[in-house]
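> From first to last, the protein sequence lines stand for chains A and H.
When we follow the working numbering, the leftmost residue of the first sequence carries the number 1, and every step to the right adds one.
When we follow the working numbering, the leftmost residue of the second sequence carries the number 1, and every step to the right adds one.
Mixed in with the good hints, there may be bad ones.
Claimed, not checked - EDC-like mimics (lysine to aspartate or glutamate), calculated; alpha carbons at most 20 Å apart, straight line: (1) A:Lys50 with A:Glu11; (2) A:Lys9 with A:Glu76; (3) A:Lys9 with H:Asp23; (4) A:Lys50 with A:Glu37; (5) A:Lys9 with A:Glu37; (6) A:Lys9 with H:Glu15.
Unchecked claim - Not the full set, but computed from the structure, chain H residues with beta-carbon under 7 Å of chain A: (7) Gly21; (8) Ile25; (9) Leu72; (10) Ile73.
Please keep in mind that the hints were generated in silico from the structure rather than gathered at the bench.
Keep in mind the model is a prediction, meaning the values are calculated, not measured.
Just so you know, even glycine gets a beta-carbon here, dropped at the ideal spot from N, CA and C.
One-letter residues, chain by chain:
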Amino acid sequence: MPDAFVLFKTEPSHEQAVYLTLAGHADVAEVHALYGEFDLLVRITSTDSKALSDLLMNTFRQIEGVRETRTMIAVEGA
Amino acid sequence: MAVGFVLMTTLPGQEAAVLSGLDRIELVTQRWMLFGEFDLMARVQADDEYDITRCIVEDIRTLPGLKDSQTLIGAEL
């Protein structure tokens, strides 16, 4: 499974809490705080697309303070 | 250290050419081809934001085949 990237918008003042929650997750390879339209960028390494869907819907989007996400899937081998 | 991510769309059929151009830019530490709204993403890393800005404006945005780009600048929490 190739890398996936998730851009996060958080509720105001929740940036740090969401950042720390994401940074402690086993499938998160890296997390960056951002200036601009989005607040956080995460790179995910998951085993397959089902695991990725589960991670997004049942974990990341359930984190308190997460307002919006946008997911981008990398092309394998490019 | 400063980090930036550049999301790019390319002209049709120019993905590989832009990808190849990214591989020749010293400050581009990683790059990915993407499915979806954007075609490519590059990670740019430098000692400061000035170098990142210069890299994006002078090296990345001048690549033949690039149509549009959006830059995400890393912040410190």
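> For a quick check of understanding: which of the numbered hints are violated here, in increasing order?
Numbers 1, 2, 3, 4, 6, 7, 8 - these are the hints that the structure violates, sorted from lowest upward.
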